[in-house]
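Undergrad: Got chain A sorted already, so can you dock chain B onto it with the hints?
Number of protein chains: 2
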Amino acid sequence: MYTFYVPVKLIGGEGAISSHREQFAALGKSCLLVTGRHSAKASGAFQNVTDALESQGISWQVYDAIGENPLLESCREAGRMAQACGADFVVGIGGGSPMDAAKAVAALAGNPELPQEELFACRWEKEPLPIVLVGTTSGTGSEVSPTSVLTCPDGRKRSITHPALFAAVAFGDPRYTYTMSWSSTVSTGLDALSHAVEGYFSPKSSKITDGFAEMAIPVLWKHLYALWKGEELTETMHRELYEASLWAGYVLASNGTSFPHPFGYFLTEQFQVPHGRACTTFMPAFFDWVSQKAPKKAGKVLELCGCSGEVFRQVTGELSDTGWISMTEEEIQALRPRFTGLKHYGNVPGGYDADRALDVYKKLFLKTAEK
Amino acid sequence: MYTFYVPVKLIGGEGAISSHREQFAALGKSCLLVTGRHSAKASGAFQNVTDALESQGISWQVYDAIGENPLLESCREAGRMAQACGADFVVGIGGGSPMDAAKAVAALAGNPELPQEELFACRWEKEPLPIVLVGTTSGTGSEVSPTSVLTCPDGRKRSITHPALFAAVAFGDPRYTYTMSWSSTVSTGLDALSHAVEGYFSPKSSKITDGFAEMAIPVLWKHLYALWKGEELTETMHRELYEASLWAGYVLASNGTSFPHPFGYFLTEQFQVPHGRACTTFMPAFFDWVSQKAPKKAGKVLELCGCSGEVFRQVTGELSDTGWISMTEEEIQALRPRFTGLKHYGNVPGGYDADRALDVYKKLFLKTAEK
Chain A
1 MYTFYVPVKL IGGEGAISSH REQFAALGKS CLLVTGRHSA KASGAFQNVT
51 DALESQGISW QVYDAIGENP LLESCREAGR MAQACGADFV VGIGGGSPMD
101 AAKAVAALAG NPELPQEELF ACRWEKEPLP IVLVGTTSGT GSEVSPTSVL
151 TCPDGRKRSI THPALFAAVA FGDPRYTYTM SWSSTVSTGL DALSHAVEGY
201 FSPKSSKITD GFAEMAIPVL WKHLYALWKG EELTETMHRE LYEASLWAGY
251 VLASNGTSFP HPFGYFLTEQ FQVPHGRACT TFMPAFFDWV SQKAPKKAGK
301 VLELCGCSGE VFRQVTGELS DTGWISMTEE EIQALRPRFT GLKHYGNVPG
351 GYDADRALDV YKKLFLKTAE K
Chain B
1001 MYTFYVPVKL IGGEGAISSH REQFAALGKS CLLVTGRHSA KASGAFQNVT
1051 DALESQGISW QVYDAIGENP LLESCREAGR MAQACGADFV VGIGGGSPMD
1101 AAKAVAALAG NPELPQEELF ACRWEKEPLP IVLVGTTSGT GSEVSPTSVL
1151 TCPDGRKRSI THPALFAAVA FGDPRYTYTM SWSSTVSTGL DALSHAVEGY
1201 FSPKSSKITD GFAEMAIPVL WKHLYALWKG EELTETMHRE LYEASLWAGY
1251 VLASNGTSFP HPFGYFLTEQ FQVPHGRACT TFMPAFFDWV SQKAPKKAGK
1301 VLELCGCSGE VFRQVTGELS DTGWISMTEE EIQALRPRFT GLKHYGNVPG
1351 GYDADRALDV YKKLFLKTAE K
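Those sequence lines, one after another, are chains A and B. Under this note's numbering, the first sequence has 367 at position 367, and the numbering climbs by one with no breaks. Position in the second sequence (from 1) plus 1000 gives the number in this note's numbering.
Simulated from the structure, these hints should not be mistaken for laboratory data. Because the structure is a prediction, the values reported are computed rather than measured. We put the CB at the ideal spot given by N, CA and C, even for glycine. Hints may contain errors.
Listed next, the stretches of chain B that the computed footprint assigns to chain A, with coverage defined by at least 3 CB atoms under 8 Å from CB atoms of chain A [as the list claims (entries may be wrong)]:
{"no.": "1", "region": "1198-1209"}
{"no.": "2", "region": "1279-1289"}
Keeping only pairs whose Cα atoms sit at most 27 Å apart, straight-line, the calculated DSSO-like set for lysine-lysine is [said to hold, decoys possible]:
{"no.": "3", "chain 1": "B", "residue 1": "Lys1204", "chain 2": "A", "residue 2": "Lys297"}
{"no.": "4", "chain 1": "B", "residue 1": "Lys1222", "chain 2": "A", "residue 2": "Lys9"}
{"no.": "5", "chain 1": "B", "residue 1": "Lys1029", "chain 2": "A", "residue 2": "Lys126"}
{"no.": "6", "chain 1": "B", "residue 1": "Lys1029", "chain 2": "A", "residue 2": "Lys207"}
{"no.": "7", "chain 1": "A", "residue 1": "Lys207", "chain 2": "A", "residue 2": "Lys296"}
{"no.": "8", "chain 1": "B", "residue 1": "Lys1222", "chain 2": "B", "residue 2": "Lys1207"}
{"no.": "9", "chain 1": "A", "residue 1": "Lys343", "chain 2": "A", "residue 2": "Lys363"}
Over 10 Å on every C-beta distance to chain A, these chain B residues come out as not near it, computed from the model [unchecked claim]:
{"no.": "10", "residue": "Gln1047"}
{"no.": "11", "residue": "Ser1055"}
{"no.": "12", "residue": "Lys1222"}
{"no.": "13", "residue": "Lys1300"}
Bound-form chain A, shown alone (with noise of 0.2 Å):
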């Protein structure tokens, strides 16, 4: 049994807004435009975004102060702007934190002061408002996804997944990724590889999905391997990340992440290691371990990859460089209650639980002589 859902209208490649400017004015007179400092404004897109409003007589406002990891807090000011200023819209412009903020913003555009617990349990008296996403990094798939992930007051990475923050319409012009860094390429290129091969061993994963992860995956790799080994950023590289990102974006959408992405929470939270990085972090482990659950998918993996399993723990690994992480057992055993009951465990396969958990951290972070 599978279910395949993804109600986004993906308009993608070179020059998708401009050419699609009425997409715009079927959602409103007025938005809210949702960004991050810098990318959005650098990339391109928030001037092809604001034309387009312009031609088709839409008023907008800017909310431009979301942060890598965007805070909740950030996301109800912005809320109590949408509201203020009648969006009947939001358009979220930049990588998965302007993405993901965005979807939480329209959540709040109607209930700006809704209790975090409701907005957690989705519990809305208004429906969001309709959502635009116009991706600018090759990694976050928020594109497609109905999730957002925000760090609360408490300093917590928590998501909210619902049918209603899908986006009504996702722009994918991939020269919006032509602007990124080599380590955010990197980083945010490590984030779409593990929704892939996370999604792929998912119990969830249908026929369909792995379609969608069998296509990401060889493409992901290829570029990332190339980046492992010194290559220089080219816009080949750039487009095809993009494209491979939005694929692996529909396994995400559609079946949810496994363990990497939970324990890589904490790495963000304490050590503000990116995303992806953090994430892909715990990629060798759990190639390990879908190795002994799933072994004919793991050989798929490698196969579409062209590459030994230790060539694909070493590169992941490396890439990850997280390596300068070091933690007592004290704080390894303090991550016992969060790593206890995960919903993501749900999604290994062979389930998955705390001890092994803490031995994964051990593994990688312990660096006394009891080690």
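TA: Just chain B now, kept in the frame of chain A:
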């Protein structure tokens, strides 16, 4: 540039309906079931749907007079019935005919006296009702497409395509296809192959739709080839054909069809050739054309099928089984207006025109001394 937009919640696999009964309750309290006379019940789908409706306290009525190549006037009658019983949604159960009819019924339920031209221009006053589709044949892909093909009072087949005609939910339980006859299996399998192959060559094709086509083509071909060789039907064959017909449906929904479809409509209207056989009659000519205009993709089709172009043309031609049709030069010339300026020509690589259409018809059906 491409658009990928299939907002259908596809729930597939054995037991899909009985384990997702709540999907009906989300759509309302009352519905009209639209079926043909036979396969909905014979397949077990009808019983599964009504069990689910009753478990959710949803009242239902049935319109079960949809024939092959559904008549607009039957849909109008069912639309009046849906209006009279206050249906909140419409459920189509069966092959392409009841599913296509259900889409038109949903559109007519709020506007049962809508003039024909308004309907085909999608100018309805009230929005179509939500639609649930349950497929029982492995061919049409109607489950995931926004198109309804109807036979008008003048005997002509015409299609309506509109996003509001996408199903809200489609159930794809392959067991419903296990009762299909050899003849229906061949005809609907050929239809699915046509969707995948015609769409693969469309200028609208994207890497995403190519992915679906490249998944569907080898599976459809494997079983059609086996049937051509005289192998018996098996449940595995039915199941795999059904899954692949849905993948081909994603290609159809995104890219539409090419010239074999409209050329086939005439054979169905005039000679009662089943739809899949009628379209595939023109597959050898289509394949000749694309081998010239898009040789790389044509080569890929043959690679996916693992056969030569000669075998591809022979098998599709012979399974179509329309060699008995004979037409005069005058009859063929009379088709010129019909085949002039078809919108489908925009979907043919390098374009197409009425002169070529008549040449194809002559080559196939002109069986006089003049040939």
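Undergrad: Of the hints stated earlier, which fail here?
TA: Numbers 2, 3, 4, 6 - these are the hints that the structure violates, sorted from lowest upward.
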